[in-house]
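**Student:** Read off the chains here:
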Amino acid sequence: MFHWLEKHPFFFAVGVFVTIAFAGLIEILPNFAEASRPVIGTKPYSTLELAGRNVYIKNSCNACHSQLIRPFKAETDRYGHYSLSGEYAYDRPFLWGSKRTGPDLMRVGNYRTTDWHENHMKDPEAVVPGSIMPAYPWMFTNKADIDTAYAEQLTVAQFFSVPYNKPVPMKDGSTEIVKMGNSVAEAHALALEEAKAVAADMKDQDVKDAVARGEIPEIVALIAYLNSLK
Amino acid sequence: MENRPLEYDYTVAKMFMLTTILLGIVGMSIGVFIAFELAFPGLNTVFGEGLAEYTNFSRLRPLHTDAVAYGFTISGIFATWFYVGQRVLKVSMAESKFLMFVGKLQFWLYVVGVAAAVVSLFLGYSTSKEYAEFEWPIDIAIVVIWVLWGVSIFGLIGIRREKSLYISVWYYIAAFLGVAMLYLFNNMEVPTMLATSPAGESAIGDWLHSVSMYAGTNDALVQWWFGHNAVAFLFTVPIIAMIYYFLPKESGQAIYSYKLSLLSFWGLMFVYLWAGGHHLLYSTVPDWMQTMGSIFSVILILPSWGSAINMLLTMKGEWQQVAASPLIKFMVLGSTFYMFSTLEGPIQAIKSVNAIAHFTDWIVGHVHDGVLGWVGFMIMAALYHMSPRVFKREIYSKSLMAAQFWIQTLGVVLYFTSMWIAGITQGMMWRAHDEFGNLAYSFIDTVTVLHPYYAIRGVGGLLYLVGFFMFAYNIYKTMTAGRAVEESELANKSPMGA
Chain A
1 MFHWLEKHPF FFAVGVFVTI AFAGLIEILP NFAEASRPVI GTKPYSTLEL AGRNVYIKNS
61 CNACHSQLIR PFKAETDRYG HYSLSGEYAY DRPFLWGSKR TGPDLMRVGN YRTTDWHENH
121 MKDPEAVVPG SIMPAYPWMF TNKADIDTAY AEQLTVAQFF SVPYNKPVPM KDGSTEIVKM
181 GNSVAEAHAL ALEEAKAVAA DMKDQDVKDA VARGEIPEIV ALIAYLNSLK
Chain B
231 MENRPLEYDY TVAKMFMLTT ILLGIVGMSI GVFIAFELAF PGLNTVFGEG LAEYTNFSRL
291 RPLHTDAVAY GFTISGIFAT WFYVGQRVLK VSMAESKFLM FVGKLQFWLY VVGVAAAVVS
351 LFLGYSTSKE YAEFEWPIDI AIVVIWVLWG VSIFGLIGIR REKSLYISVW YYIAAFLGVA
411 MLYLFNNMEV PTMLATSPAG ESAIGDWLHS VSMYAGTNDA LVQWWFGHNA VAFLFTVPII
471 AMIYYFLPKE SGQAIYSYKL SLLSFWGLMF VYLWAGGHHL LYSTVPDWMQ TMGSIFSVIL
531 ILPSWGSAIN MLLTMKGEWQ QVAASPLIKF MVLGSTFYMF STLEGPIQAI KSVNAIAHFT
591 DWIVGHVHDG VLGWVGFMIM AALYHMSPRV FKREIYSKSL MAAQFWIQTL GVVLYFTSMW
651 IAGITQGMMW RAHDEFGNLA YSFIDTVTVL HPYYAIRGVG GLLYLVGFFM FAYNIYKTMT
711 AGRAVEESEL ANKSPMGA
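Chains as they are written, first to last, in the working numbering: chain A, 1 to 230; chain B, 231 to 728.
Please keep in mind that the hints were generated in silico from the structure rather than gathered at the bench. You may find that some hints are simply not true.
27 Å max Cα-Cα, derived DSS-like pairs, lysine-lysine [said to hold, decoys possible]: (1) 581/B / 73/A; (2) 393/B / 7/A; (3) 581/B / 7/A; (4) 320/B / 489/B; (5) 393/B / 489/B; (6) 203/A / 171/A; (7) 320/B / 7/A; (8) 393/B / 99/A; (9) 230/A / 196/A; (10) 143/A / 73/A; (11) 489/B / 7/A.
Quick list of simulated restraints, FRET-style, between CB atoms [as the list claims (entries may be wrong)]: (12) 230/A / 328/B: 55 to 63 Å; (13) 11/A / 272/B: 38 to 46 Å; (14) 342/B / 230/A: 41 to 49 Å; (15) 280/B / 127/A: 21 to 29 Å; (16) 15/A / 718/B: 56 to 64 Å; (17) 4/A / 320/B: 19 to 27 Å; (18) 633/B / 81/A: 50 to 58 Å.
Sample of chain A residues at the chain B side, in silico, Cβ under 8 Å [claimed, not checked]: (19) 32; (20) 83; (21) 204.
Only a predicted model underlies this, so the values are computations on that prediction, with no experimental measurement involved. For glycine and all other residues, C-beta sits at the position ideal for the given N, C-alpha and C.
Please model the entire structure based on the sequences and the hints provided.
**Tutor:** Here is the structure:
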């Protein structure tokens, strides 16, 4: 049979393809629907948080920070409850990472504050002596891309039925609604409202001034995102 | 007429040889730089605060991995295909104007694609998925380039004289099909400019941005099904294609066992795709997938070692060649590193070992003993073998080649030993508890302890880069100053004929 295949390239290629393709089908498909279901308490990202998430991706934070807590005592002691599949239901893309040059950030919102992040992003070594993380001063001046974050919200709402402007069940039995603007202008207004709350806890005068002018620096969006990780 | 040897046309092979060397220099230089950034964080701003956004570790890391994978390695694969393909199929590219055109088109599109990829990664355009960071327009370009390569492969096969496909061709076909399937499915994404707001606005925001078709756990599953097998079909399968051709040609020895090559080929095809789950051990993907990933990773030792042993036994009775020829040294050590990293990988895929190894530098070390020791050595060896036949000039300096071999071998050894120690040290420190059950170390303790290993790793990488420059110089001098030589004068004892 193999000798015959080696003289018939078409059938050879078909044979190879079938051999390599079916493993993927068996591994990926059976659990697909179940893994897409959110757990209670997981809500979609707001416009500002999503803009911050894009800042996180733009700077490859995921190259050094994981967002996946494994079910070991050492990990739950350090980072909090181990990760559940449904907690990632709105993560497109997933940001588990593959390397912990720095600590896990899955629940960083539980134990770090806006103030901590502000100081740390400006000068990591000053907050954590011995840190090898680079500083990110440009995030204090670069503007966050709210338009794209809004477009992303619209995309996931339209293509993947992510529940914006709809009640989402919370752990205490209540519901919450994550708002998404009806227009670009409205999206900006919503993001700015959130940004003001973050900037109020910050010290950097330039950032405060920018937000007062109606601009949103990347750092504000990033901190909003990091604070949402719980 | 029938007895006249074929004149092969290496125009396209030469073009890709050039990009192999250039992109190798780019990718490895960035790699060395970011390695030192981890050891000496001051380097993040060494080009000035203003440029730090583009030269800090986080922005450069995807650029490093993509430049060596999609630049150096893919170029090497293409260069060797446009050399090996003609020879084992006994047909010249010059015989088909169409295939020649397709080959050149593929090259120039590739150059444009690489340029776009480099610029977009520098600017921070990224989907964040490892080895699949490119945004959707570049993904489309990559698919087109890949299809053109497919046309070349099957076009050349279509007009072949040698009816039976040689082992190398099996592997090139598998590489083509595997990467096509994996890349397509992992990069399914929706450009955000397609959405319209309730107010009727469309094409909002950055047109390059997209969102993944899969979310969370599913996205992770698809990504590592891709990520692991991209390693298979870029760093393993086409490299085996190379060694199956170049080792017998260079040594004049016949392949040790046809049956073993058959077993390892089909075994590799069947087993590899299941192993992706080992990247997701203890994650939120179902347990049975993790276990499958773990088990199949261990089984993977069989086909991997099958190929490697087949290569080493090909040298049976001719081991003096390893001492005499630096080129044989590269290939034999390459197969040895292949055996070594295909044993190391399965060990790391065992759940209890993975609990310590995952997220640490041991994984980085594993990748690098594979890519530096196996992929890098084999591609350089292939180019060394091709150069005299392509440029019709003798290799400029054999002693330079030998010096390069030892420098790079030392570099690889420093790299993986330091990363082993770093990884296991950090993995053990993360999980250490004191007598009261509290964590023994804060996270930063587990970072500062790595400093010496990061420095040693940087030196190891630097040695490898120095060797790569020696390689580039040697090839350049071969092209320009090597003694003119006809192929018939070269040692060609191969039982495979031309």
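**Student:** None of the hints should be skipped; say for each whether it holds.
**Tutor:** Hint check:
1. 581/B / 73/A: holds, 16 Å
2. 393/B / 7/A: holds, 6 Å
3. 581/B / 7/A: Not satisfied, since the Cα-Cα distance of roughly 42 Å exceeds 27 Å.
4. 320/B / 489/B: Given that 27 Å is the threshold and the Cα spacing comes to 23 Å, the pair holds.
5. 393/B / 489/B: This hinted pair holds, its Cα atoms lying about 19 Å apart.
6. 203/A / 171/A: Distance ~33 Å between residue 203/A and residue 171/A Cα, so the pair is violated.
7. 320/B / 7/A: Since the Cα atoms of residue 320/B and residue 7/A sit roughly 14 Å apart, the hinted pair holds (cutoff 27 Å).
8. 393/B / 99/A: Roughly 47 Å separates the two Cα atoms, so the pair is violated.
9. 230/A / 196/A: With Cα atoms ~21 Å apart, residue 230/A and residue 196/A stay inside 27 Å; holds.
10. 143/A / 73/A: violated, 40 Å
11. 489/B / 7/A: holds, 16 Å
12. 230/A / 328/B: 55 to 63 Å: holds, 59 Å
13. 11/A / 272/B: 38 to 46 Å: Distance hint for residue 11/A, residue 272/B is violated at roughly 59 Å.
14. 342/B / 230/A: 41 to 49 Å: For residue 342/B and residue 230/A the Cβ distance comes to about 44 Å; the hint holds.
15. 280/B / 127/A: 21 to 29 Å: Given about 23 Å between the Cβ atoms, the range holds.
16. 15/A / 718/B: 56 to 64 Å: violated, 38 Å
17. 4/A / 320/B: 19 to 27 Å: Given range 19 to 27 Å: holds, Cβ gap about 20 Å.
18. 633/B / 81/A: 50 to 58 Å: The hinted range 50 to 58 Å holds for residue 633/B and residue 81/A, with Cβ atoms some 55 Å apart.
19. 32: Result: holds, 6 Å to nearest chain B Cβ.
20. 83: holds, 5 Å
21. 204: Violated: closest Cβ of chain B sits about 16 Å from residue 204/A, beyond 8 Å.
Violated hints, in rising order: 3, 6, 8, 10, 13, 16 and 21; the structure is consistent with all others.
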